[in-house]
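Construct the complete structure from the given sequences, taking the supplied hints into account.
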Amino acid sequence: MRREPPQTIGDYAPLLFPAAMLTIFFVVPFGTMIAVSFFQRQQGGFYTPAFVYDNYARFLSAFFGGVLGFSLMMAIAVAICCIVLALPFTYMLTRMARNVQVVWLVALLSVLSLSEVIIGFAWSTLFSRTAGITNILVALGLMGEAKALTPSFAAVLTGMVYQAFPYTVLVLFPALVRLDPTLTEAARTLGASPLKAFFTVVVPALRNTIVATLIMVFIFALGSYLLPQLLGRPQHWTLSVLITDQAIYQSNMPFAAAMAVFLVLVTLGLVALTVIAGRKGEAA
Amino acid sequence: MSGLALQNVVKEFGSFTAVNNVELTVPHGTFVCMLGPSGCGKTTLLRMIAGLDLPTGGAIHLDGEDITRVPTHKRNLGMVFQSLALFPHLTVGENIAYPLRIRNAPKEDQKRRVEELLSMIHLSGYADRPVSKLSGGQRQRVAIARALAISPKLFLLDEPLSALDAKLREAMQVELRQLQQKLGITTIVVTHDQREAMTMADTVVVMNGGEIRQAASPIEIYRRPADSFVADFIGQTNLIEAEADSVGHVSVLGQPVPGLALLPGAAKATLSIRPEDVHLTAPGAGAISGTVTFVRDLGGTIETFVDVAGRQIVAVSTPRERPDVTVGQQVGVALTPDVCVVLRK
Amino acid sequence: MTSIFRKFYFFLIALFLALPLIVVAGVSINEKQTLAFPPQGFSTSWYGEIFLNPEWRNALMASITLAVLSAALAVAIALPLAWFLWRRVAPWANIFQLLGVAPFTLPPVITALGLLTFWATAGFYGQPWTAVVSHAIFFVTLPLVTLSLGFTSIDRSLVEAASTMGADERTVFRTVVLPLILPYIVSGYAFAFVLSLNEYIVAYMTVGFTMETLPIKIFNALRYGYTPTMASVTILFVTTAAVIFGLVARFGDLPKLLGAMSSDGK
Chain A
1 MRREPPQTIG DYAPLLFPAA MLTIFFVVPF GTMIAVSFFQ RQQGGFYTPA
51 FVYDNYARFL SAFFGGVLGF SLMMAIAVAI CCIVLALPFT YMLTRMARNV
101 QVVWLVALLS VLSLSEVIIG FAWSTLFSRT AGITNILVAL GLMGEAKALT
151 PSFAAVLTGM VYQAFPYTVL VLFPALVRLD PTLTEAARTL GASPLKAFFT
201 VVVPALRNTI VATLIMVFIF ALGSYLLPQL LGRPQHWTLS VLITDQAIYQ
251 SNMPFAAAMA VFLVLVTLGL VALTVIAGRK GEAA
Chain B
1 MSGLALQNVV KEFGSFTAVN NVELTVPHGT FVCMLGPSGC GKTTLLRMIA
51 GLDLPTGGAI HLDGEDITRV PTHKRNLGMV FQSLALFPHL TVGENIAYPL
101 RIRNAPKEDQ KRRVEELLSM IHLSGYADRP VSKLSGGQRQ RVAIARALAI
151 SPKLFLLDEP LSALDAKLRE AMQVELRQLQ QKLGITTIVV THDQREAMTM
201 ADTVVVMNGG EIRQAASPIE IYRRPADSFV ADFIGQTNLI EAEADSVGHV
251 SVLGQPVPGL ALLPGAAKAT LSIRPEDVHL TAPGAGAISG TVTFVRDLGG
301 TIETFVDVAG RQIVAVSTPR ERPDVTVGQQ VGVALTPDVC VVLRK
Chain C
1 MTSIFRKFYF FLIALFLALP LIVVAGVSIN EKQTLAFPPQ GFSTSWYGEI
51 FLNPEWRNAL MASITLAVLS AALAVAIALP LAWFLWRRVA PWANIFQLLG
101 VAPFTLPPVI TALGLLTFWA TAGFYGQPWT AVVSHAIFFV TLPLVTLSLG
151 FTSIDRSLVE AASTMGADER TVFRTVVLPL ILPYIVSGYA FAFVLSLNEY
201 IVAYMTVGFT METLPIKIFN ALRYGYTPTM ASVTILFVTT AAVIFGLVAR
251 FGDLPKLLGA MSSDGK
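Protein chains in written order, with the working numbering: chain A, 1 to 284; chain B, 1 to 345; chain C, 1 to 266.
Worth flagging that the hints you see were computed from the coordinates, not collected in a lab.
The beta-carbon is built from N, C-alpha and C at its ideal position, and this holds for glycine as well.
There's no promise every hint is true.
Between beta-carbon pairs, the in silico distance windows are [unchecked claim]:
id : chain 1 : residue 1 : chain 2 : residue 2 : range
1  : B       : S251      : A       : R3        : 53 to 59 Å
2  : A       : R3        : C       : A76       : 46 to 52 Å
3  : B       : G209      : A       : L265      : 20 to 26 Å
4  : B       : E243      : C       : T152      : 37 to 43 Å
5  : A       : P204      : C       : T152      : 27 to 33 Å
Here it is, written out as structure tokens:
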């Protein structure tokens with residue numbers, strides 16, 4: 001079958017429903033959100049139409065600067081932890097027997113699909129005083145008495161890495177499957193140990209993939225909206241948490257919308273960076 | 001007229017002309033092989049006959065009816081694809097029954113016809129197997145049977161045997177030709193394998209650069225190629241430049257060859273001499289002379305390489321008539337009119 | 001990598017992934033309503049609670065209904081789009097592919113907030129069906145990606161072969177394309193279903209004040225104190241996800257679905 005441009009109006013028919021749905025329920029809402037970001041907040045209600053920059057002006061403060069800085073730092077930390085953990089894991093996974101791969105993929109997908117609520121609940125239980133991991137340490141005699149490990153920065157980081165790890169593996173998986181196995185074999189015949197072959201051949205060959213994955217995981221981590229709230233203190237809250245908080249609990253939708261627009265701009269900027277990095281990689 | 005007729009068929013993809021002004025008549029019941037290097041336009045031509053591509057100019061007639069714009073599914077064709085295109089979700093029997101099923105043929109008729117075709121391709125009892133469980137040759141036969149299920153007016157095959165190993169391919173060529181003769185169906189095969197074309201075809205159509213260079217019987221193509229491309233493409237040949245002076249005396253590679261004539265009015269021409277026609281003699285005596293540079297003895301045949309003024313000429317002979325020459329020896333190469341095909345420059 | 005190192009590394013990763021779930025599973029079988037691990041006593045009553053307590057049961061039903069409908073709608077949006085992009089040359093139509101992937105790529109809060117402002121402005125805020133549409137848009141990426149992958153794996157000459165044998169466009173779709181794309185429809189549906197079942201923020205922002213899905217219920221329960229039912233629901237969810245993805249793997253080619261194009265890739 002040769003792909004042809006649509007010849008008649010009828011050929012466009014299949015596009016009608018998807019295009020309408022995506023336009024009405026994604027493009028329009030997105031536009032609405034941008035519009036609302038310029039509206040004025042109405043006490044007790046949603047908002048009143050206006051055209052003010054107040055909502056944007058408001059986060060030009062030290063507080064929101066701090067939140068933004070923390071969000072970015074948190075997301076970078078999560079992305080780096082995930083890559084460091086996932087790269088060797090995924091590499092070894094792709095070299096394993098197919099049925100072993102499938103079992104791991106099912107497990108990873110199951111964890112990935114878990115609600116942030118559930119991940120937050122599970123880790124807060126694991127880090128709790130009464131049912132947490134410290135009880136095991138006490139039972140082993142390694143600790144005097146059980147204590148709570150939340151709220152803390154480490155708890156937030158652990159929870160977010162847990163959430164993003166399966167995603168990282170699944171992003172890396174296709175690139176690593178396609179990696180020519182003879183590359184490492186060649187390195188081995190040239191005298192490199194398996195570990196050395198991994199760092200001198202696999203890692204450099206995947207440089208662009210690693211950069212792209214880093215950015216994707218970074219964006220993924222930026223989206224975490226509950227874990228900082230469930231596992232951390234208020235100073236660990238990220239922009240996503242703050243947006244949720246403003247929209248739902250403070251009922252300040254215009255301000256939430258302004259922050260969301262800002263978050264989109266940051267995200268899009270990073271996606272553009274990924275694309276440019278990819279192009280550069282192709283040219284090289 | 002009964003059969004297929006292509007009139008000034010043109011296919012352009014943007015600024016690229018894939019098929020240029022093709023004229024061809026295929027009488028009912030003949031077996032045609034379209035032969036040429038990759039990119040010569042033969043597959044595009046076949047796809048236009050099938051209706052999978054539409055010509056940008058010209059017309060295609062089948063049994064006197066203009067089918068140029070008739071959609072593929074209304075042409076009543078049978079086609080075998082290079083990839084075979086067997087439906088992976090259907091069994092062997094369901095694949096063969098497919099064209100009957102979508103025409104809503106009665107179930108019993110479908111079943112009977114499938115049995116018939118399976119026995120024709122020597123695969124009786126395979127109806128319920130998944131196609132993935134078949135060997136390459138068996139898949140090939142199923143694809144052929146499926147294409148013939150409705151007894152089509154036209155049987156088209158696009159590089160049908162290219163996926164098979166050499167031995168099986170040769171056997172299938174014979175089988176396909178015998179099947180075609182039994183059914184008397186108009187058949188067009190696209191191939192880049194000249195041996196395949198020589199084995200099966202009534203008419204070989206040699207294409208290059210989107211144009212038909214020659215359309216004739218295999219032996220005619222071999223014996224009397226229309227131009228140096230055809231001569232070189234079909235089998236092995238020696239192509240040598242020849243010149244004629246103002247009174248018609250011909251010289252080849254700077255040596256006079258009495259008794260040879262070029263085309264009237266032409267000062268230059270290319271001679272095509274098949275290696276098996278090259279006759280080695282003693283130097284002089286109506287022959288151009290050269291030096292033996294290498295002898296390749298393949299057991300069944302012996303190839304002798306002769307250097308004549310920097311040009312290499314290959315002679316092939318059987319062990320029975322092995323030339324008595326050694327490397328470095330001066331020999332004569334006889335260029336008699338009966339073995340030289342004179343081609344226009 | 002030496003084999004011992006690899007085993008140890010995989011063991012640590014497995015432990016990391018499983019540990020929170022093991023603790024939750026342990027907590028879920030506590031006899032009393034206490035948060036304790038190792039569990040004290042043994043009881044499966046907290047699993048029964050999901051189905052017997054009307055609040056949890058309603059939340060479960062709401063979640064299942066939402067997931068069933070929104071996954072179906074997501075497939076209904078993705079299938080014609082993916083088919084069109086595969087069948088036709090229309091470069092500008094790729095914009096819809098982009099739109100289909102965007103909701104899932106952007107931070108979820110953004111899609112959620114966009115839909116919240118939209119439904120509020122349109123005057124439908126809080127109506128249950130808005131959650132179905134919202135989830136369908138949010139998760140349309142999953143069937144879209146699996147179906148696009150599925151279509152690229154269909155040999156186009158199969159379609160040509162069918163048409164040479166007399167099948168028109170509609171018949172080709174029914175007899176060739178649909179049977180071949182079906183596994184990808186099923187897995188796309190499965191992905192969207194499982195993720196919708198677990199989704200919190202979009203559901204919360206669109207219908208959170210009028211309706212409780214299970215994740216919303218867990219979150220609300222979390223804020224007002226602890227009940228072991230949260231733990232049993234968590235285990236139920238993990239098990240459901242594992243079973244569904246296990247089935248996808250059993251009847252489909254999971255590595256291929258996840259982007260490892262050739263099954264002989266290794």
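How the hints compare with the structure:
no., hint, result
1, S251/B - R3/A: 53 to 59 Å, "57 Å, holds"
2, R3/A - A76/C: 46 to 52 Å, "23 Å, violated"
3, G209/B - L265/A: 20 to 26 Å, "54 Å, violated"
4, E243/B - T152/C: 37 to 43 Å, "58 Å, violated"
5, P204/A - T152/C: 27 to 33 Å, "29 Å, holds"
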